[in-house]
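Chemist: Starting from the known structure of chain A, fit chains B and C onto it as the hints suggest.
These protein sequence lines map, in sequence, to chains A, B and C.
First residue of the first sequence? That's 1 in the numbering used here, and the numbers climb one at a time after it.
First residue of the second sequence? That's 259 in the numbering used here, and the numbers climb one at a time after it.
First residue of the third sequence? That's 547 in the numbering used here, and the numbers climb one at a time after it.
Honestly, the hints are just simulated from the structure, not real lab data.
Check the hints yourself; a few may be wrong.
Unchecked claim - For lysine to aspartate or glutamate, the following EDC-like pairs were computed, each having C-alpha atoms within a straight-line distance of at most 16 Å: (1) Lys303(B) / Glu211(A); (2) Lys460(B) / Glu46(A); (3) Lys736(C) / Glu638(C); (4) Lys258(A) / Glu562(C); (5) Lys827(C) / Glu793(C); (6) Lys302(B) / Asp183(A); (7) Lys430(B) / Glu464(B); (8) Lys76(A) / Asp18(A); (9) Lys474(B) / Glu542(B); (10) Lys303(B) / Asp183(A); (11) Lys258(A) / Glu584(C); (12) Lys76(A) / Asp644(C); (13) Lys302(B) / Glu211(A); (14) Lys676(C) / Asp707(C).
Said to hold, decoys possible - One side only, chain A facing chain B, incomplete, derived with CB under 7 Å: (15) Leu37; (16) Gln40; (17) Gln95; (18) Asn214; (19) Met216; (20) Gly217.
No experiment lies behind these values; they were computed from the predicted model shown.
Glycine included, each C-beta is placed from N, C-alpha and C at the ideal position.
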Amino acid sequence: MRPVWTVATNAFREAVRDRVLYNLVFFALLMIAASILVGQISIGIEQTVIVSLGLTATSVIGLMIAIFIGVGLVSKEMDRRTLYALLAKPVQRWQFLIGKFIGLVMTLAVNTAVMAAGLYVALWMVKHPLERNDAYVLLAVYLILLKLAIIVALALLFSCVTTPFLAILFTFGIYVAGVFAQDLRTVQAVNISPSSMRLMRGISYLLPNFENFNVMGAVAHGEPVAWALLWQATLYAILYCALVLAAAAAVFSRRNLK
Amino acid sequence: MALCAFLPVGFAGVWQLQNKIDEQREAMLLERQEVLLWPGSVVKKLSLEYAPLAGAIYWTRAVQYYGESHRLSQGKLELLWPLLDVATTLDPHLLVAYRFGSTFLSAPFPTGAGQPDLAIKLLERGIKENPDYWRFYQDMGNVYYFDMKDYPKASQAFAEGSKHPHAFIWMKVMAAKIAAEGQSLETSYFLWRDIYQTTVDKTVKENAARHLKIVKAQLDLRELNRLADEFEKRRKLRPTQESDLQQAGLMNGVPVDPEGFPYVWGLGGNAQVNPNSPLAKEKEFQKK
Amino acid sequence: MCMSQYVIETENLSKEYPYGFLHLKKKTSLEGLNLQVEQGEVFGFLGPNGAGKSTTIKLLMRLIFPTSGTARILGKSIEDVSMHQDVGYLPEQPYFYDYLTAAEVLDYFARFHKLRAADRRARVDNMLKKVGLETAKKIQLRKYSKGMLQRVGMAQAILHDPKVVVLDEPMSGLDPLGRREVRDIILELKKEGRTVLFSTHILSDAETLCDRVGVIVGGKLQGVGTPGEIVGIKARGMEILFEFTGEAKSLPLLSSATKTGELYRVQVAEEQLYSALDQLKAAQARIQSVAQIKPTLEEFFMNLVAADRAQANAVEVSGK
Chain A
1 MRPVWTVATN
11 AFREAVRDRV
21 LYNLVFFALL
31 MIAASILVGQ
41 ISIGIEQTVI
51 VSLGLTATSV
61 IGLMIAIFIG
71 VGLVSKEMDR
81 RTLYALLAKP
91 VQRWQFLIGK
101 FIGLVMTLAV
111 NTAVMAAGLY
121 VALWMVKHPL
131 ERNDAYVLLA
141 VYLILLKLAI
151 IVALALLFSC
161 VTTPFLAILF
171 TFGIYVAGVF
181 AQDLRTVQAV
191 NISPSSMRLM
201 RGISYLLPNF
211 ENFNVMGAVA
221 HGEPVAWALL
231 WQATLYAILY
241 CALVLAAAAA
251 VFSRRNLK
Chain B
259 MALCAFLPVG
269 FAGVWQLQNK
279 IDEQREAMLL
289 ERQEVLLWPG
299 SVVKKLSLEY
309 APLAGAIYWT
319 RAVQYYGESH
329 RLSQGKLELL
339 WPLLDVATTL
349 DPHLLVAYRF
359 GSTFLSAPFP
369 TGAGQPDLAI
379 KLLERGIKEN
389 PDYWRFYQDM
399 GNVYYFDMKD
409 YPKASQAFAE
419 GSKHPHAFIW
429 MKVMAAKIAA
439 EGQSLETSYF
449 LWRDIYQTTV
459 DKTVKENAAR
469 HLKIVKAQLD
479 LRELNRLADE
489 FEKRRKLRPT
499 QESDLQQAGL
509 MNGVPVDPEG
519 FPYVWGLGGN
529 AQVNPNSPLA
539 KEKEFQKK
Chain C
547 MCMSQYVIET
557 ENLSKEYPYG
567 FLHLKKKTSL
577 EGLNLQVEQG
587 EVFGFLGPNG
597 AGKSTTIKLL
607 MRLIFPTSGT
617 ARILGKSIED
627 VSMHQDVGYL
637 PEQPYFYDYL
647 TAAEVLDYFA
657 RFHKLRAADR
667 RARVDNMLKK
677 VGLETAKKIQ
687 LRKYSKGMLQ
697 RVGMAQAILH
707 DPKVVVLDEP
717 MSGLDPLGRR
727 EVRDIILELK
737 KEGRTVLFST
747 HILSDAETLC
757 DRVGVIVGGK
767 LQGVGTPGEI
777 VGIKARGMEI
787 LFEFTGEAKS
797 LPLLSSATKT
807 GELYRVQVAE
817 EQLYSALDQL
827 KAAQARIQSV
837 AQIKPTLEEF
847 FMNLVAADRA
857 QANAVEVSGK
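Just chain A, with the same shape it has in the complex (with noise of 0.2 Å):
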C-alpha cells in the first residue's frame, strides 16, 4: 500500500470532518440559489446570471478552500506536531506532500461536483428542459477544479517555505498575478524596452496563466468549449502542478521541523 495513498485519504477524511468546509460548500449553494431571484430582475438573461453566479461562486468558494484548506495541510501539522509521529514511520516527505496534494484535490472534485449538481437544480427550474449545450457547463466546472488543484500546489509550496499568513497572502497574490498573465504577455506599450518587454513575457510564462481555465464568458451564453482546449489545459494543470509539487519537496526534505 503505498504510504501516498495513505495520507492522501486520512487528507480526505480531515478535510470531510472540517465544519468550516461545510459553511462553505453550503454558503455557495446559497449563492446558486440567490441566482434565480437575481435572475428574475434582469431581463432577458436569466440563464446567463444563473450560470455566472454559479461558476462565481464555485470558483470562489473553491478558491477559498483551495487557499486556506491547502496551506494548512502542512502548517497546521507542522504547528501541531503531528507531522513527528509521522516522519517517524517508514514515509518519504515527498510523500507525505503529494499525499495531501492529492486528497485535498480530492476535497475540492467533490465540492465542487457537488455545487455543480446544485448549479443545474437552479438552471432547471428555470428553464424547464435542460437543452444539450448545458453540459458545457460541466466543462466550465473541471477547467475550475484544474486551476484550484494549481492553487493547492501553490499553497503547499509556500506554507512549506513561510508562516502561515505569508503563505496565504503569496498563494493570493500568485493567484492575481496568474489572472492577469495573459495580459501580461500580449502587453503593447511604446514606452516599455524591449528587455523588459522580454522580461515581462519570461515572467508571464513563469505565472499560471489562469486565463486558459476560464470559459465563463462562453458557457455562461451556452457557447461551446473546444475539446483541444480541455485536454491542453489538463496537460498544463498536471504539469505545472509537478513543478511546483517538486519544488515544495525539495524545500521540505531539508526542512527542520521545531
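Modeler: Relative to chain A, chains B and C alone:
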C-alpha cells in the same frame, strides 16, 4: 428578559429611521452618482476572472436605472450610455444589452437618451464581437431610419445584414425599399412590428407597441384623407361628422383609432386623432 | 553492508541553530555526540531541560538535520527511511489528529508498515487493550486527556513490533499511576528483547529502569555508564540521627549538626563513626538511626549542572 423586549423594539426603530433617511435622500435630489462607474477597462481588470458576472450586474443596473429614471424624472438618462458601455465591455456577448441600448439610447427624450450616435457606436461594438448576430444590422438600420433619418445609411445597414446566411429575406427587401422611398409609413409599420414580435424584452416590446399604434393611426389618417377626397368629389364638401363617410357608403362603421377613439374631422376637412384619445398626446399628432 | 554491533550509534553528531539578526549568531544545542546503545538494553538519556536530549532524538528520527556528524540505527544510516520499519518513536508531548478516534489514529499509522489488513486490525485492538484505551477507542482524540494521548502515543510506537523503541520524555505530564504503567511497558519491552532509548529529566526513573545512563548537559555528553558507575560506588560517610536535651557544651558534635524539630542530624566520615557514637553515648543522647550516605544520581547531576552553568557564565563574561 429586558434584552428580548429590546430587540424587536430596537429593530422597529431602525426600520422607521431607515425609511425617514430614504425619504430625506430622495428629497435632496442628489444626483445619484453611480458608484463604481469607472471606465469599462478598469472594471474589467478589477473583476479578475468574473467579468461576465460583473457584466450581468451592470446590465441589471442599466435596466433599473432606465426604469427608475422615469419614476424620479431626473436628468436626461445621461448614465445610460456609461452603464451599457461598461456592461458590454465586461461581457461582449451580452446581446440583450446591445439591443436594449440601440432602442433606448437613440430614442428621443423622454423615451430614451436621445443619443443615436452612441447607439450606433454600441451596435458597432456588438457587431464586432458577435459577427454572426445579424439582428444588430437590423437595429442599426432602425436607428438610422427612425432617429437619425439617414435613409442611405439605413438602407446600407439593412443591406449589410441581409448578407448573413440566417438573416430574414425582408432585410434585403427593406434595403431596397428605403433606398428607393426613404421614409414611408408601411416601412415604419413593418419594422416596428418585427421588433414587437421578436423581442423578449418587455420594455422594448411596450415601446414597439406604442409606436405601432402611432403608425397605424398615421396610416388610418392617410386612408381617411384619401376617402375624404373621394367624399369631396361626390358631395363637393369635406366631411365634418364622424359618421359622414359611413353614410356616404365609403366605409362600414365609424373609423376608430387603435385606442378605440373615433377619428374626428378638423376645420380644414382633414382627418385627425380624437383629442380625447391618448394618442393625441404623441408628438406626431401635435398641431404645429 | 557491515553490521555494527550497536543498535544506535552516533559519531560526532552536532547541531547548531543560527539566530539573531541575519542569522549570524549560532547556538549550539548539540556538540560532538558520540553515543553507543547496545542491543537489548534500556538506555536512559538524562539531562535538564534544554540540554540537547530532544535534539538528539529528533536528529535520530530525522525530524531535524545534523550540522555535522553521522548516526546509525540498526546499522543503517539515519538517512535511510526504510529503517523506520523497525523503529518506534514516541514524541515529546504527543498530539495527534483530534478529529480521529484512537482506533483510527492507530490504524492510520499502522498502514505505513508492511502489515496485512487482518493483522493490522488485530494489532490495533491489542494495543488499545494493552494501553488501557479500549473503552475510549471510538471517542475523538480532541476529547482525550493528556495522559490518554500519551498512551495513544505509546501504542503507535510499539504497534509494529519494532526492534528499537525511542521515547522522548515518556513520563512527562503523567500522574503516578500513568508513570507506573509506562515503566511497566518499558520493562516488558526489555523482556521482549527490544532496545529502548528514552530521555527524561526525572532522575529516579533513570535510576530504576536503565541498564545504562547517558548524562547530557549543555549540549555535551558528560558521562555514560550504569547508574552506579556514574556516581561512584564510594559511600561518602555516615549520617546519625539523634535526640539530645542536655547542655550544648557537653556535646561538641552539636556544632556540626543540623536540627529539625526535636531531631538532630550529623554527618561524619566513616572512620570517625565510632568516636562520634561514643561522644553521643557519653552525652546520653538518644540515637534514632545510623545510615550510610550514598551519593545519588541527583547530586551528581546537580553538581554537573552547576558546573556547566558556571562555565557558561564564565564564557559570557569573558566574551566569545
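Chemist: If a hint holds in the structure, say so; if it does not, say that too.
Modeler: Consistency of the hints with the structure:
About 13 Å separates the Cα atoms of Lys303(B) and Glu211(A), which keeps this hinted pair within 16 Å; it holds. About 14 Å separates the Cα atoms of Lys460(B) and Glu46(A), which keeps this hinted pair within 16 Å; it holds. Distance restraint check for Lys736(C) and Glu638(C): the Cα-Cα separation of roughly 21 Å exceeds the 16 Å cut-off, and the hinted pair is therefore not satisfied. With a C-alpha separation of about 13 Å, the suggested pair Lys258(A) and Glu562(C) falls inside the 16 Å cut-off, and the hint holds.
Between Lys827(C) and Glu793(C) the CA atoms are separated by roughly 14 Å; this keeps the pair inside 16 Å, and the hint holds. Taking the CA atoms of Lys302(B) and Asp183(A), the gap is near 12 Å; set against the 16 Å cutoff, the hint holds. As the CA atoms of Lys430(B) and Glu464(B) are separated by approximately 27 Å, the hinted pair breaks the 16 Å bound. Restraint check for Lys76(A) and Asp18(A): satisfied, since their Cα atoms lie roughly 13 Å apart, inside the 16 Å limit.
Restraint check for Lys474(B) and Glu542(B): the C-alpha separation of about 12 Å stays at or below 16 Å, so the hint holds. For the proposed pair Lys303(B) and Asp183(A), the alpha carbon gap of about 10 Å is at most 16 Å, so the pair holds. This hinted pair does not check out: Lys258(A) and Glu584(C) have alpha carbons roughly 29 Å apart, beyond 16 Å. Our distance criterion of 16 Å between C-alpha atoms is met by Lys76(A) and Asp644(C), whose separation comes to about 12 Å.
Annotation: proposed proximity of Lys302(B) to Glu211(A) holds, straight-line Cα distance about 14 Å (limit 16 Å). Only pairs whose Cα atoms come within 16 Å are accepted, and Lys676(C) paired with Asp707(C) is accepted, the gap being roughly 13 Å. With a cut of 7 Å, the hint placing Leu37(A) at the interface with chain B is violated, because the nearest CB-to-CB distance is about 12 Å. Checking Gln40(A) against chain B by beta carbon gives a least distance of about 10 Å; that is not within 7 Å, so the hint is violated.
Taken as an interface hint, Gln95(A) does not check out: its beta carbon lies about 33 Å from the nearest beta carbon of chain B, beyond 7 Å. A distance limit of 7 Å between C-beta atoms decides the matter here; for Asn214(A) the minimum to chain B is near 5 Å, and the interface restraint holds. At its closest, the beta carbon of Met216(A) sits 5 Å from a beta carbon of chain B; the interface hint therefore holds under the 7 Å criterion. A distance limit of 7 Å between C-beta atoms decides the matter here; for Gly217(A) the minimum to chain B is near 5 Å, and the interface restraint holds.
Taken one by one, the earlier hints fail for this structure at numbers 3, 7, 11, 15, 16 and 17, listed in ascending order.
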